[in-house]
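K.L.:
Please put together the full structure from these sequences, using the hints given.
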Amino acid sequence: ELKVEQNPLFLSMQEGKNYTIYCNYSTTSDRLYWYRQDPGKSLESLFVLLSNGAVKQEGRLMASLDTKARLSTLHITAAVHDLSATYFCAPTSGSRLTFGEGTQLTVNP
Amino acid sequence: DVKVTQSSRYLVKRTGEKVFLECVQDMDHENMFWYRQDPGLGLRLIYFSYDVKMKEKGDIPEGYSVSREKKERFSLILESASTNQTSMYLCASSSQLNLYKGQYPYEQYFGPGTRLTVT
Numbered sequence: 001e002l003k004v005e006q007n008p009l010f011l012s013m014q015e016g017k018n019y020t021i022y023c024n025y026s027t028t029s030d031r032l033y034w035y036r037q038d039p040g041k042s043l044e045s046l047f048v049l050l051s052n053g054a055v056k057q058e059g060r061l062m063a064s065l066d067t068k069a070r071l072s073t074l075h076i077t078a079a080v081h082d083l084s085a086t087y088f089c090a091p092t093s094g095s096r097l098t099f100g101e102g103t104q105l106t107v108n109p
Numbered sequence: 001d002v003k004v005t006q007s008s009r010y011l012v013k014r015t016g017e018k019v020f021l022e023c024v025q026d027m028d029h030e031n032m033f034w035y036r037q038d039p040g041l042g043l044r045l046i047y048f049s050y051d052v053k054m055k056e057k058g059d060i061p062e063g064y065s066v067s068r069e070k071k072e073r074f075s076l077i078l079e080s081a082s083t084n085q086t087s088m089y090l091c092a093s094s095s096q097l098n099l100y101k102g103q104y105p106y107e108q109y110f111g112p113g114t115r116l117t118v119t
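Top to bottom, those sequences are chains E and D.
Start counting the first sequence at 1; every next residue gets the next number (the working numbering).
Start counting the second sequence at 1; every next residue gets the next number (the working numbering).
Derived by calculation from the structure, the hints in this document are not laboratory data.
Check before you lean on any hint, since a few could be wrong.
With a straight-line Cα cutoff of 27 angstroms, these simulated DSS-like cross-link-like pairs (lysine-lysine) come out [claimed, not checked]:
#: 1; chain 1: E; residue 1: Lys56; chain 2: E; residue 2: Lys41
#: 2; chain 1: D; residue 1: Lys70; chain 2: D; residue 2: Lys3
#: 3; chain 1: E; residue 1: Lys3; chain 2: E; residue 2: Lys41
#: 4; chain 1: E; residue 1: Lys3; chain 2: D; residue 2: Lys55
#: 5; chain 1: D; residue 1: Lys53; chain 2: D; residue 2: Lys70
#: 6; chain 1: D; residue 1: Lys3; chain 2: D; residue 2: Lys57
#: 7; chain 1: D; residue 1: Lys55; chain 2: D; residue 2: Lys13
#: 8; chain 1: E; residue 1: Lys41; chain 2: D; residue 2: Lys3
#: 9; chain 1: E; residue 1: Lys41; chain 2: D; residue 2: Lys57
#: 10; chain 1: E; residue 1: Lys56; chain 2: D; residue 2: Lys3
#: 11; chain 1: D; residue 1: Lys57; chain 2: D; residue 2: Lys13
#: 12; chain 1: D; residue 1: Lys70; chain 2: D; residue 2: Lys18
#: 13; chain 1: D; residue 1: Lys13; chain 2: E; residue 2: Lys41
#: 14; chain 1: D; residue 1: Lys57; chain 2: E; residue 2: Lys3
#: 15; chain 1: D; residue 1: Lys55; chain 2: D; residue 2: Lys70
#: 16; chain 1: D; residue 1: Lys18; chain 2: D; residue 2: Lys71
#: 17; chain 1: E; residue 1: Lys41; chain 2: D; residue 2: Lys18
#: 18; chain 1: D; residue 1: Lys18; chain 2: D; residue 2: Lys53
#: 19; chain 1: E; residue 1: Lys41; chain 2: D; residue 2: Lys71
#: 20; chain 1: E; residue 1: Lys56; chain 2: E; residue 2: Lys3
P.N.:
Rendered as structure tokens:
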């Protein structure tokens, strides 16, 4: 059974700072997805990481995947308030995704 | 754009009632999913389906059933609602094929969610 662990679960950071969210998973998975959820809203796809060593960047967010270490990271550069949301990682298991608990990010002015 | 719609945004039902949650997607996706989301527990998979009339149990199927009579529609049924089924319910769909530019295999697209309260 695939288990997914994100840390930290809660992250409060100042605008302009950098930080990394970690996603560890327990069994082999060849692709991983990152989603964002704003309060009261549904999930929106952010990144799709399709292979070992994959790196994707969009604005101040960069995601990477190390399938050998079973680790994905979501790096935030120079955070701004608009990035405040909950971020989920989800490695695949067949056609299923298994979601982490989510990291609730709050960016303070 | 992929569109996944859910029949209600908010629903209030009484204990013991039969509850139907409907989900419709317009992108010809084979796979459809029902999750519930609770604070501190993330998203938990209730049931999924990868073809019409096919269904598979997820991690927490007890107290729920599903129906998929048409490819675009996936219904979640609470046979006898209980207060511990108060939750946010999210539907999603995906395809194992590259059907459309910008989509990826197995990338799930979510509906807006239904917040169900059982009193």
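K.L.:
For the pair we were handed, Lys57/D and Lys13/D, check the Cα-Cα distance against 27 angstroms.
P.N.:
holds, 24 angstroms
K.L.:
Holds or violated: are the alpha carbons of Lys41/E and Lys3/D at most 27 angstroms from each other?
P.N.:
It holds: about 15 angstroms lies between the C-alpha atoms, which stays within 27 angstroms.
K.L.:
Does Lys3/D sit within 27 angstroms of Lys70/D, going by the straight-line distance between their CA atoms?
P.N.:
Given that 27 angstroms is the threshold and the Cα spacing comes to 16 angstroms, the pair holds.
K.L.:
Can the restraint linking Lys3/E and Lys55/D be considered satisfied, given a maximum Cα separation of 27 angstroms?
P.N.:
The hint holds at about 22 angstroms.
K.L.:
Take a quick look at whether Lys18/D and Lys53/D sit within 27 angstroms of each other, Cα to Cα.
P.N.:
holds, 21 angstroms
K.L.:
Between Lys55/D and Lys13/D, does the CA-CA distance stay at or below 27 angstroms?
P.N.:
holds, 25 angstroms
K.L.:
Within a Cα-Cα threshold of 27 angstroms, do Lys70/D and Lys18/D meet the stated pairing?
P.N.:
holds, 21 angstroms
K.L.:
Check the hint pairing Lys41/E with Lys71/D against an upper bound of 27 angstroms on the C-alpha distance.
P.N.:
holds, 25 angstroms
K.L.:
Check whether the Cα positions of Lys3/D and Lys57/D lie no farther apart than 27 angstroms.
P.N.:
It holds: about 24 angstroms lies between the C-alpha atoms, which stays within 27 angstroms.
K.L.:
Quick one, are Lys56/E and Lys3/E close enough, alpha carbons at most 27 angstroms?
P.N.:
Holds - the C-alpha atoms of Lys3/E and Lys56/E are around 23 angstroms apart, at most 27 angstroms.
K.L.:
If you draw a straight line from the CA of Lys56/E to the CA of Lys3/D, is it 27 angstroms or shorter?
P.N.:
holds, 24 angstroms
K.L.:
For the pair supplied as a hint, Lys56/E and Lys41/E, confirm whether the alpha-carbon distance does not exceed 27 angstroms.
P.N.:
Cα-Cα ~24 angstroms, so holds.
When held up to the earlier numbered hints, the structure conflicts with none and fits them all.
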